[in-house]
Amino acid sequence: MSPQLNVQSLRPVSVCTPTISTKLELSDLYGTLKVRLGINRNNYTVTPGLYKVGKPDSQSDVLVSANYKLSFDVLRKNLHSLNVWVLVIDTKGVNVWCAAGKGNFGTDNVVKSIKKTSLEHIVKHRRIILPQLSASGVAAHKVKEDAGFKVIFGPVQAKDIKSFIETGYKATSAMRKITFPMKERAKLIPVDFLYVKYKLLLVMVVFFILSGLDRTGFLFSKMFNTSIFPLINIFGGYIAGIVFATLFLPWIPFRSFALKGAFWGLVFAILVNRFFAVQALEAISMGLVNISIASFMTLNFTGSSTYTSLSGVQKEMKWAIPFQIGFIAVGSILFIISKLV
Amino acid sequence: MQYIKNVVTLKLDNNLCTGCGMCAIVCPHAVFEMNKGKAHIIDIENCMECGACAINCRFDAISVKSGVGCAAGILNGIFNGTEPSCDCSGNSKTNCC
Chain A
1 MSPQLNVQSL RPVSVCTPTI STKLELSDLY GTLKVRLGIN RNNYTVTPGL
51 YKVGKPDSQS DVLVSANYKL SFDVLRKNLH SLNVWVLVID TKGVNVWCAA
101 GKGNFGTDNV VKSIKKTSLE HIVKHRRIIL PQLSASGVAA HKVKEDAGFK
151 VIFGPVQAKD IKSFIETGYK ATSAMRKITF PMKERAKLIP VDFLYVKYKL
201 LLVMVVFFIL SGLDRTGFLF SKMFNTSIFP LINIFGGYIA GIVFATLFLP
251 WIPFRSFALK GAFWGLVFAI LVNRFFAVQA LEAISMGLVN ISIASFMTLN
301 FTGSSTYTSL SGVQKEMKWA IPFQIGFIAV GSILFIISKL V
Chain B
342 MQYIKNVVTL KLDNNLCTGC GMCAIVCPHA VFEMNKGKAH IIDIENCMEC
392 GACAINCRFD AISVKSGVGC AAGILNGIFN GTEPSCDCSG NSKTNCC
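Just so you know, the protein sequences line up as chains A and B, in that order.
Residue numbering for the first sequence follows the numbering used here, starting at 1 and increasing by one per position.
Residue numbering for the second sequence follows the numbering used here, starting at 342 and increasing by one per position.
For the record, the hints were derived by calculation from the structure and aren't laboratory data.
Just so it is clear, the structure is predicted and the values come from calculations on it, not from any experiment.
There could be a bad hint or two in this list.
What the hints assert, rightly or not - With a Cα cut of at most 20 Å, we get these calculated EDC-like pairs of lysine to aspartate or glutamate: (1) A:Lys150 - A:Asp108; (2) A:Lys315 - B:Asp354; (3) A:Lys69 - A:Glu25; (4) A:Lys23 - A:Asp160; (5) A:Lys183 - A:Glu145; (6) B:Lys377 - B:Asp354; (7) A:Lys142 - A:Asp90; (8) A:Lys183 - A:Asp160; (9) A:Lys318 - B:Glu374; (10) B:Lys352 - B:Asp401; (11) A:Lys177 - B:Asp384; (12) A:Lys159 - A:Asp28; (13) A:Lys142 - B:Glu386; (14) A:Lys177 - B:Glu374; (15) A:Lys170 - A:Asp160; (16) A:Lys144 - B:Asp401; (17) A:Lys124 - A:Asp90; (18) B:Lys379 - B:Asp401; (19) A:Lys162 - A:Glu145; (20) A:Lys34 - A:Glu184; (21) A:Lys142 - A:Glu120; (22) A:Lys177 - B:Glu386; (23) A:Lys170 - B:Glu424; (24) A:Lys315 - B:Glu424; (25) A:Lys55 - A:Glu120; (26) A:Lys69 - A:Asp28; (27) A:Lys77 - A:Asp160.
Unchecked claim - Residues from chain B that keep clear of chain A, each with C-beta distances beyond 10 Å, as calculated: (28) Lys352; (29) Asp354; (30) Asn355; (31) Asn356; (32) Gly360; (33) His370; (34) Lys379; (35) His381; (36) Cys391; (37) Ile396; (38) Ser404; (39) Thr423.
Positions of the beta carbon are idealized from the N, C-alpha and C atoms, including for glycine.
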């Protein structure tokens, strides 16, 4: 107890450092599930400040985290049996990597948080451990200059933090690499799926109505009887682009996300066509719409991926966006024509 | 997994490099390797232009046009007349950057 009493006595009396558990409760898991489904995920935060795990003293390590509760939970559940300080900085509830890219998990914020929590009075050493993915926002040498603390970049994933600390801050090359396995991609799909749900609904409503067009004007019976083909194609393209193309991302050899999506759109269009006896013009028109939607949805997934470069996305968008707009425009026109002839 | 070829803007000036190894530590795609006291780019096609190496190179030996490799972010930028910006706090995605 005595080292801890000493530590406490160095601090302003009014400050009480809360201790956090390394066990996640059912409510935490429920919160995670909701966030993964896109519910409340922009307001899932932890109060910034200093926290204790176990019984840290003036020699214990300081781990820095974002104040997105999902990031915070992943970190703390991996700290079992460790005695460390956790410094949660205000990243506006955004995860480490995104916040680093935007500058919220940046040099200035880290320096400010060190000073605000009077870290130099709490620990005697002068080192802090940051998640590696914060390095795109934090210049280690500048933190040292401005706050006097040496930044040690820890592993990419929190699950490796224990072994990183226990081996004297050594990370294997695997710990330094970000991967993007199917499991991780699958976790991101629900949010992406719901991302443009209203636009999807709008397109479906438009095609539902267009289905009633006829040489003789507009027929409600035709609308109800024939709209299933375009609607399945539109929804199918959406699923192809955001579920299939992303789940099987490396399986399709094209590097371009727009092409990966287009491929699955084409597959879905052909499949849907097998089950419906529609005339060729309508089949082609909805194929184009299907491919366009699938391609756009997969292109959007570049934002969720862990390996796409800005230059690459800009390059593929230059041809992909005109091609997607063209496909959906020509598809829509052909669809209308197919209804009128 | 690798993305579009021959577009990455990463550059390493070997004359300025002191071999401190920071770039190799921060890079999440193992783009750098330390050899004979200098950093070397071993596979530039792995680079996603996150910029971690450049801002952590205190000798300014590395340059890269960094930013969000995110189609929605680039479209946001075009519509708002700004740099590509993935507004994570808005309606974008979990790993949006």
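Hint check results:
1. A:Lys150 - A:Asp108: Measuring from Cα to Cα gives roughly 14 Å; hence the hint holds.
2. A:Lys315 - B:Asp354: At roughly 25 Å apart (the allowed maximum being 20 Å), B:Asp354 and A:Lys315 break the hint.
3. A:Lys69 - A:Glu25: Judged against 20 Å, a Cα distance of about 13 Å means the pair holds.
4. A:Lys23 - A:Asp160: holds (17 Å)
5. A:Lys183 - A:Glu145: With Cα atoms ~40 Å apart, A:Lys183 and A:Glu145 exceed 20 Å; violated.
6. B:Lys377 - B:Asp354: holds (15 Å)
7. A:Lys142 - A:Asp90: holds (19 Å)
8. A:Lys183 - A:Asp160: holds (18 Å)
9. A:Lys318 - B:Glu374: Answer violated: A:Lys318 to B:Glu374 is near 33 Å, above 20 Å.
10. B:Lys352 - B:Asp401: Answer holds: B:Lys352 to B:Asp401 is near 11 Å, not above 20 Å.
11. A:Lys177 - B:Asp384: holds (14 Å)
12. A:Lys159 - A:Asp28: Satisfied, since the Cα-Cα distance of roughly 18 Å is no more than 20 Å.
13. A:Lys142 - B:Glu386: violated (29 Å)
14. A:Lys177 - B:Glu374: holds (13 Å)
15. A:Lys170 - A:Asp160: Distance of about 10 Å is within 20 Å: holds.
16. A:Lys144 - B:Asp401: Holds, at about 17 Å.
17. A:Lys124 - A:Asp90: violated (24 Å)
18. B:Lys379 - B:Asp401: Measuring from Cα to Cα gives roughly 14 Å; hence the hint holds.
19. A:Lys162 - A:Glu145: Distance ~28 Å between A:Lys162 and A:Glu145 Cα, so the pair is violated.
20. A:Lys34 - A:Glu184: holds (16 Å)
21. A:Lys142 - A:Glu120: holds (17 Å)
22. A:Lys177 - B:Glu386: holds (15 Å)
23. A:Lys170 - B:Glu424: violated (37 Å)
24. A:Lys315 - B:Glu424: holds (15 Å)
25. A:Lys55 - A:Glu120: holds (18 Å)
26. A:Lys69 - A:Asp28: OK: A:Lys69 and A:Asp28 at ~9 Å, within 20 Å.
27. A:Lys77 - A:Asp160: holds (12 Å)
28. Lys352: holds (12 Å)
29. Asp354: holds (18 Å)
30. Asn355: Holds, because the least Cβ-Cβ distance between B:Asn355 and chain A comes to about 20 Å, which exceeds 10 Å.
31. Asn356: holds (20 Å)
32. Gly360: holds (15 Å)
33. His370: Incorrect as stated: the minimum Cβ-Cβ distance to chain A is 7 Å, not above 10 Å.
34. Lys379: Given that every Cβ of chain A is farther than 10 Å from that of B:Lys379, nearest at about 18 Å, it holds.
35. His381: Given that every Cβ of chain A is farther than 10 Å from that of B:His381, nearest at about 15 Å, it holds.
36. Cys391: violated (4 Å)
37. Ile396: Violated, since 5 Å does not exceed 10 Å.
38. Ser404: Fine: 13 Å to the nearest Cβ keeps B:Ser404 off the interface.
39. Thr423: holds (13 Å)
In the structure shown, a violation is registered for the earlier hints numbered 2, 5, 9, 13, 17, 19, 23, 33, 36 and 37, in ascending order.
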